[in-house]
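Enquirer: Sequence:
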Amino acid sequence: MNNSNTTETPLSRDQALKLIYRHTHRDYRGKLADGTKSILTIRGIVALDDLTEAEVSDRLPLARRKEAERLQAKAPKVQEFQQLPHPSIIDPFEDGRAVRSKGGK
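Residue numbering for the sequence shown follows UniProt numbering, beginning at 1 and increasing consecutively.
Hints may be right or wrong, so weigh each one.
Quick list of the computed label-pair ranges, beta carbon to beta carbon [claimed, not checked]:
(1) PRO10 <-> ARG43: 22 to 30 Å
(2) PRO76 <-> ASP49: 32 to 40 Å
(3) ALA33 <-> THR9: 33 to 41 Å
FYI, nobody ran anything at the bench for these hints, they're computed from the structure.
We put the beta carbon where it would ideally sit given N, CA and C, even for glycine.
Construct all of the structure, not just a fragment, from the sequences and the given hints.
Expert: Here it is, written out as structure tokens:
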């Protein structure tokens, strides 16, 4: 399911594994006794570092799509925040009176 209209930034294996882990449902991911991150595959519970290239390439498109959706959902909040005026610009009296801080004279 490769869409030629999208330009995908190449990821390192480590970045791809982090993305796959993030977007694997919590019921299918976890940590081994030694703290190693793992996911459930058709082979069973597999340490993230032990995923084959085929397993990574199978899971990566879904993880990329989920990441794009996550970032897109986050974007309106960032834009909304960026539109707020800076506190130093707001005149609390709106008549031009200067506001002094408690520490100043």
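Enquirer: For each hint, tell me whether it holds in the structure or not.
Expert: Hints versus structure:
1. PRO10 <-> ARG43: 22 to 30 Å: holds, 26 Å
2. PRO76 <-> ASP49: 32 to 40 Å: holds, 36 Å
3. ALA33 <-> THR9: 33 to 41 Å: holds, 35 Å
The structure agrees with every numbered hint stated previously.
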